[in-house]
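> Spelled out from the first residue to the last, the chains are:
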Amino acid sequence: MTTFIVRRLLQLPIVLLAISLLIFGMMQFLTPEQRAATFVKSEQQAQHLDQVIRQYNLDKGFFVQYGSWLKEVLHGNLGFSKQSHEPVLTTIAKRLPVSTELALYMFFPTLAFGIWMGTMAAIHRDKLIDQIVRVFAIAGWSLPTFVLAIWLLAVLYGYLHCCGIGRADDKYMVMFAQGTLKTYTGMITVDGLLNGRFDVFLSGLKHLVMPVLTYMVVASAQIMRVLRSSMLDVLNSDYVRTARAKGLPERVVNLKHARRNAIIPVVTIAGLMIAFMIEGVFFIEIIFNIPGLGQWSIPAAIQLDFPAVIGIALLTGVSVSLANLAVDILYGMIDPRISFQ
Amino acid sequence: MRKHLLTILALGFVGAMAFAATGPDTYVHMTYGEVDSLDPAQAYDTASGAILENIYETLYTYKGQSITEYEPVLATSYSISDDGKTYTFKLRHDVLFHSGNRMTCRDVEYSIKRLLVTNPGDSAGWFYAQSLIGYDGVNAKDYFGGKATQADLDKYWNAIDNSVKCVDDYTVQFHLIKKDPSFFVKLMYTASSVLDSKYAIAHGEWSGTKKDWYDWAGKDLREGFLHNHDAGTGAYKLVKWDGKDVYAERFIGYWDYAHKPQMKNIIIKVVDEQATRIQALKAGDADRITVNDRATLETQIRGMANAKILESDKWLGAAATAVFFNQKIAAKDNPLIGSGKLDGNGIPADFFTDINVRKAFAYSFNQDDIIKDLYMGKAVPLTMALPPSFLGYDPNIPIYNLDMDKAEEYFKKAFGGKLWDTGFTMTIAYNSGNTTRKTVAEILKQNIEALNPKFKINVKAMPWPQFLAAYKNGQLPALVLGWGADYADPDNFIYTFYHSNGYFAKKIGYHNPKMDKLIEEARSITDPKKRAELYSKVGYLAHDDVPVLPLPSPTGWMVLAKNVYTLHAPAGMDVYNNPMRSGSFLWKDIIKK
Amino acid sequence: MNPQDMKPKRDPWYRSKTFKRFRRNPLAIVGSLLLLGFVVVALLAPAITAPQLANTPSARPCLRDLGVKRSEAVEALRNPLNAVFWKAVLAPPRSCYNIPRASFSPLPKPPSKKHPMGLSGDSYDILYGLTWGTRTAFYVGFLVVGISLAIGIVIGGLSGFLGGATDNLIMRVTDVMLSFPGLVFVMIVSVIFGSGLTTVMLALALIRWAGYARFFRGDILRTKAQDFVDAARALGASPLRVFLKHVLPNAIGTLLILASMDVGAIVLTASGLSFLGLGAPVGYADWGQMISFARGYILGTAQGTPFDFWYVWIYPTLMLVLFGLAWNLLGDAVRDALDPKS
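Residue numbers (the numbering used here), protein chains in the order written: chain W, 23 to 363; chain Y, 12 to 604; chain X, 24 to 365.
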C-alpha cells in the first residue's frame, strides 16, 4: 500500500508538467497582437500596441518563454496575472480558501441528497417513488443553471431578503477590510468563529444558502443514478438475500447491509465530483458574486491571461490528482478485497 | 437530510429578520468591469478613473456638472504667458497627503515628470508628452526602440526636465513645446493627479532623478507600489483594493475641512452579473448600480419600489462612436474582403476610396432604427464625431439617414457603374458581446442586400483578441469605433477622427489636406469663438467627405437608491452628472436623506 | 469446432428478453417517444418555420441560398414533392441556422400569429431558434460522441491489444486528460482557435475520448479472457485476426450504448458553454443561445409580474429538460434491460 501511494505521488509532477506544456503550447498559436489584447480593452488604449507587445516580450520564441516560465515556476513563481494585477500565486492563495469553503459546503449536502434519492429510488424500484425521484433528479440536472439560480436569487434574496450574495454582509466585509476582524484562513465562516463572532459565522452561512441549493439541484442527479444502480446490484446479491432470509427487518437490510456496500461506487463518484465541482463552482461564483477562483479564471481565460490559465490548470491538476489518490486509498479502507498491485 | 436542509434555511431566515440596507454613512456602488490600476500614471479606463478622481486630486477640476467652468483644487490661481507656452500655477498651502506629508511644488513636479518618464503604451501619458516634450507622445524606450545613443537619451531627459519647473515651494511652471489650447483641461485628467513624492520614492517608485529614469521608461506600473497603494490628497483614502472590490474611507486630514463629506465608508463592488446587481438594489444592499442597457432599465428597474431612475436629455456621454470606412484595407491574407477584387466575390482594397461607395453606405444606414430600437427612442443623432456638449459642435449640419433611392444612385455611380453590375461580397466583423457593433452591421447588411441581389455582406463575430489583431493590421473593411473624452476639448475628438495624422483617421487612411489645415488652425488659437467656427467648418467638410458615419449618442441615466442625493445638483435634479467624471459625481458630494 | 459456436445463440432482437423488458418499462417508452419527437422536429424544422422564413426580412439570406422566392417559400418548404423541401431538410445552407430577428428592438414580444412562441430578447424568433436548435443539438451530440468514440476506440484498442509498456504509457496520458477540468479545457481551446461551434465540439471530443479509451481497454481485457477467444487462439488464428474478429465486436457493443447515452450530457454542456459566450456566434440557432437571449428577462418586469416574459425562458428550458430526460430515461432503461440479473 505504501509503495502504491509513493508510486502514485511520483507520477504527479509528470502529469503536471504535461498539463503545463499542453496549455503553454496551445497559447503559442496566438499572434503577439492577440496576446497583447490582454492589456488593452478599447481601441483607444491600443494606440501604442507595438509598445505593449515589446514591453511583455510577447514576440519572443516559444522555448524562450516556456523556459523562463518553467524556471520561475520551479522557484515558486507562477508569473503575473494581468486579470488580478498581481502574482498568480498570490491570487490563488487569496481565492483558494473562498472556493474551498464554497466547495466544502456544496459537497456534503449534495452528496447526502444524492445518496438519499438513490436509496429511495432503489428500494422502491419501478414504483411511483422511483419514477418521481428519477424524473426530478434528471430534470434538475438538465435545468439550465442560470435559470434556476436567477429564480432562487429573485425569491430568496430579492423578495424574501433571507439570503445574500457575495460572502457576508457588507458591514462585516468592511470590518475584514479594515482589519477590525482578523483574517486567519480566508474562509468567512471559519474566521468568524475564530474571531469569536457567531454573527459573522451566521452571516457567512446565510450567503452560502443559494449557491448550495443551486448546486444540490443541479448535481445530485449523478450521484442518485450511480447509487441507485449499485444499490440494485447489492439488493440482488446473495449476501442481502441471506440477510433477508434470516428474517431481519427490511429497513435494517436496506440501510445496514445494502447501502453500506452500495456506497463503494459513490466513493468513486465523490472523487469524480471534485473535478465536476470545479466547473460547478465556476458557474456559481459568477452568478452569486463570490470572489473565488472561478470568478477570476474564467475572465482570465477569455482575456488570454495565460499565466493565470496555466496556474489554474496546474492547481486543478494537483487537486484532481490528489483527490483520485485519496479515493484510491479510501477504496482500500472500505473494501479490503481491493489490493494494490 | 431534509432536517439538515431545513436548518440551513432556518438560519437564513433568522439572519433576514432585519431588512438589509446600507448604513446612513456607507455608500455602496455595484458596477461591472474590474478596476485596472490605481496608479494615476497607468490607469486609462473609467473603472479606475471613478476611484482615482476621489482619492487623488489635480490642480484644477471641473465645476459641478459643467465641462466649461473650472474650479481650483490643489492650485489657487494660474496664469498663461502671452505666447501660450508657459503655464504658471500658484499652489494651495496646508494640503496634507494621506501619509501626513505636506504637499509642495516638488510633488507636482515629480508627478508630471513621472508621467512623462514612464508613459506606458496602454496609458494616457501620450497626450501630456505631446504637449510638453513631443516625441510623438511615446516613451523613451519605445521611441528609440532600444537603439538610442547616450546623447539621444540625454536630450529626451532634458526635455522632460525642462517641461516642469518649481519656481518656489508653492509655484509650479509648465513649459510647452508649442501653443496648445487644450493643455489646461488636460491637467484635469486623473493621470496628472498630484502624488506624494516622498512616500512614493520611499516605497521603491522612481527616484525622481536622472539616475534611474531610463529604467522606468515604458514600465508596466501595474507591477509597482502605487498600483494598489494610495499616495493622494483626496477626501477619501484607500482602505483596501485587492483586484476586485474597492474599500475607501473619509480622510480626516482633508484640506477642505470646512466641507466634511457625509459618507464615511465607500464600497465599490464589482458584480459582473447584471441580474445580481438588480436583486441587490431591490434587497437594499446597494445605493447605486450600473445598468448596461435601456431595455433592462425600462423593464427591470422602472417601477421598483426603493429605487429611482435619474435621467435627462442633456445627459449625453462625453464620447463619440462612428462607422469607419477603411480606405486602405490590408489586402494580404485577408478573408474579410473575399477575392480582393471587384468581381462580385470580394472587394478591392481601395473599395472605400470611392466617395460614392461611402455615400451609398451612409444612405443605407437607418439612424432612426438605431434610436428607436436599440436605444428605445432615448438617443440623439450626431452631426459630427464630437459630443454635443463640446465646443464647436454644430447641430445644423445635415445627417445621413436611410434613403434607398439615394443609396442606389450612389452605388450605380461607384467605380464608373461597374460595382452595380458585378456586385460585391464583404465581411463586417464585430467583437463578440458588443451589441451596438453587431446591430450596426446587421442593419447595413439588411438594407444593402435588399438593394441588389449581387451585394453580399457577411456579419462575423470575432473574440476580442482576434478583433484587435485584425484591427491593428488594418484588415477590417468597415468597422465601428468609439472614443471617450480624455479631456474636455474638441481637439481630443476632431484630431483623432479627422486629421490625417489622428489616431483613427490614420488607421483608415483618410487624408484631406483641406481638413488637416482647418484642424491645425483650430489647434493654434485659443479664442473659443474662432475655434468653434473652424470646427463647424470641419463638420460640414466631414459631411461632404464621409470618412466616417457618426452614430447616435444615447442619453444617459443613473440608477440610485431612493435616499441618495448629491450636493451641487442642478435645480429639479437629485444629483449632478458631469460627463468628464468617470463616476458622474464625486463621493464627497454624496448625501443620504 | 468453430469458436463462434461457443457464443450464446440469440433470438431476433424484437423477440429477445432484453427488448421485452425494455418495452414494459413505462419510463423507457416515455423516453423513446420524447426522442422521436425531437427527431421529427429536427427533420421538419424548415417546414415548421416556413412562415417565419417567408415573413421576416432578416431570413432573406436563407431563402436566397435555398433558391426560393419569398412568396413561394411556405408552399415549397411544406410540400414533400418539391425539391426545395428536400434540400432544406437534408442539406440546408448555413445561413438558415441564423435565427431571424423580427426587428432590432431588445425587448421580447409575446406569442403572436406571426411568431407563435414569441420573440426573445433582441427580437429573435423563439420557435425558429428552438426548432433549428434541435438540429444543432443532434449535430453537436452525435459528432462529439462520434469523434471522441473513434479516438477512444483506436487508442483504447491499441492499449488493450498491445498491452505492456504501450498500455502503461497510454493509460498515463488518459490520466492527464481525465485530471483536466473539461470547462477550462474548452475555454482555452475556443479562445485560442477562435470561439465557434466547431472548436467547442473539437474541444469536447478531445477531452472526452479518454474515458471511452479506458472503458474500452477494460472491456477488451475482459473479453480477451473469455473461453471462445482462447479457443480461437488455440486454433492458430493470428493475434490481429483474433482481435478484429472476436475481441472487437464483443467489446464494442456495450461501449456504443454507453456512448450514445452521453449525447444528452454533451448537449447540456454545449448549451452551458454557449450561454457563457463560448460556442456558436450570437444569433446561431442553438438552445444555449436562447437561454442567453432570455437572460435579462427571466424575472419579468418591475412594474408588472415576474411572469411578464414567461415565454422567453420557459420554452428553451423545457426543450433542454425534455432532451436531457429523454436520453437519460432511455439510457437507464437500456442499461436495466441489458442487466441479466434483474
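Honestly, the hints are just simulated from the structure, not real lab data.
Accuracy of the hints is not assured; some may be wrong.
[Unchecked claim] As a list, the in silico DSSO-like pairs of lysine-lysine whose alpha-carbon atoms are at most 27 Å apart:
1) Y/Lys230 x Y/Lys343
2) Y/Lys190 x Y/Lys467
3) Y/Lys251 x Y/Lys176
4) X/Lys132 x Y/Lys389
5) Y/Lys471 x Y/Lys189
6) Y/Lys471 x X/Lys40
7) Y/Lys467 x X/Lys92
8) X/Lys43 x W/Lys149
9) W/Lys193 x Y/Lys573
10) W/Lys149 x X/Lys40
> It remains to establish, for every hint, whether it holds in the given structure.
How the hints compare with the structure:
1. Y/Lys230 x Y/Lys343: violated (34 Å)
2. Y/Lys190 x Y/Lys467: violated (49 Å)
3. Y/Lys251 x Y/Lys176: violated (34 Å)
4. X/Lys132 x Y/Lys389: Answer holds: X/Lys132 to Y/Lys389 is near 20 Å, not above 27 Å.
5. Y/Lys471 x Y/Lys189: Violated, at roughly 45 Å.
6. Y/Lys471 x X/Lys40: The hint is violated at about 54 Å.
7. Y/Lys467 x X/Lys92: Roughly 17 Å between the alpha carbons, so the hint for Y/Lys467 and X/Lys92 holds.
8. X/Lys43 x W/Lys149: holds (18 Å)
9. W/Lys193 x Y/Lys573: holds (20 Å)
10. W/Lys149 x X/Lys40: holds (21 Å)
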